[in-house]
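**Student:** If you're matching them up, the sequences are chains A and B in order. Just so you know, we're using full-length UniProt numbering here: the first sequence kicks off at 1 and counts up by one. Just so you know, we're using full-length UniProt numbering here: the second sequence kicks off at 1 and counts up by one.
Any given hint could be a false lead.
Copies of the same chain are indistinguishable here, so a pair counts whether it falls within one copy or spans any two.
As the list claims (entries may be wrong) - Computed list of lysine to any residue pairs in SDA-like fashion (alpha-carbon distance at most 25 Å, straight line): (1) Lys73 x Ile99; (2) Lys42 x Asp126; (3) Lys102 x Gly63; (4) Lys154 x Thr116; (5) Lys73 x Pro125; (6) Lys17 x Lys154; (7) Lys154 x Thr9; (8) Lys42 x Ala124; (9) Lys154 x Asn137.
If you are wondering where the hints come from, they were derived from the structure by calculation, not from laboratory data.
Number of protein chains: 2
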Amino acid sequence: MIETIARQTGAAFQLKKGDRLRVIDPQGEQVSDMVLFNADDKREKLSSGKTLDFEETILITQGHHLWSNRSHKMMAILEDTNGRNDFLLAPCSPETFQIMYKNPEYHPSCFENLHTNLAQFGIAPDDIPTAFNLFMNVQFAPDGKLSVEPPLSKAGDYVLLEAKMNLIVCLTACSAEQSNNYSFKPIQYEIIPANS
Amino acid sequence: MIETIARQTGAAFQLKKGDRLRVIDPQGEQVSDMVLFNADDKREKLSSGKTLDFEETILITQGHHLWSNRSHKMMAILEDTNGRNDFLLAPCSPETFQIMYKNPEYHPSCFENLHTNLAQFGIAPDDIPTAFNLFMNVQFAPDGKLSVEPPLSKAGDYVLLEAKMNLIVCLTACSAEQSNNYSFKPIQYEIIPANS
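Chain A extracted, bound-state conformation (with noise of 0.2 Å):
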């Protein structure tokens, strides 16, 4: 069954290891911020400096794993139709809003909606690690300078992955304008289950 994450909101669920989870952006140029937590030990999760060094590599798509802070493998990437993601940038947060882009008024944010729909768990929101941010489309120049571009995934593209541990998993239909071309919408993801 595929679920809807409404524009600018989150979802929160488990995956039993085995599992597959179809993260799909369903009318094309929507980022999804992710995180991984261990269902088992939530002190383990997603680390983005694990994943770059374990995977020699920046852009991180099929063929894949990510990886945990105690270097263990949470997930495989077995499709992934656009092929572009983010593993550098932090969600976007109330300080997002305020710092880079001088907006003093309140503004969803993936971390607000990270931390909101992970309290469930036990999971604070200083427990948050950066995200591994689906189809978000940041470029970067030889002098390492960086540029969160338009999303390139046209609607109907989507990433493929397989649990590989228990794991808590919470997914977030992203909230700042220049990271979605401007526009926001829903993000869709269905879970499949391992012996299916």
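Please build the complex by placing chain B on the supplied structure of chain A, with the hints as guidance.
**Tutor:** Quick look at chain B alone, frame taken from chain A:
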């Protein structure tokens, strides 16, 4: 007073807001991994994702700040005589040598040197974030591929930082062969108090 961190070891200490820290590569071609915690609330710590996001570059050097998971400035980089540091790759750990270098034997690592030195402050291995790797020369290709190259630092190169909050700091003299051009050397540091 200049303190010396012996080859393949580490040291942890506190800084008051306004104190400056000079990290020196006394012989050249030696990496030092650094992690930071808010001394008044250790749940606040260094964040690579937040730093790359706010500074909008992969290459963090003089003129940049190191940011926390709570979007606060932890340190300002006042001077950087070498100018090449890494903030992508996790500290080398026992698993780095087992998985990447196929070495099943015991091997000293930055991760071990970080958590053993931080234990006195009540900081556990799982609390250690991706480190800011001073003098580390990680090159990235346009296709994202990462390679660990010999440091560009010469004997006496240093990075001068200023604490923007009360900090617990841990530094290592890195233990990974490839990161240090296959020769392990000491790292030195000097604390310059705020009112000196």
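**Student:** Find the hints from earlier in the document that the structure breaks and name them by number, from lowest to highest.
**Tutor:** Structure breaks hints 4 and 6.
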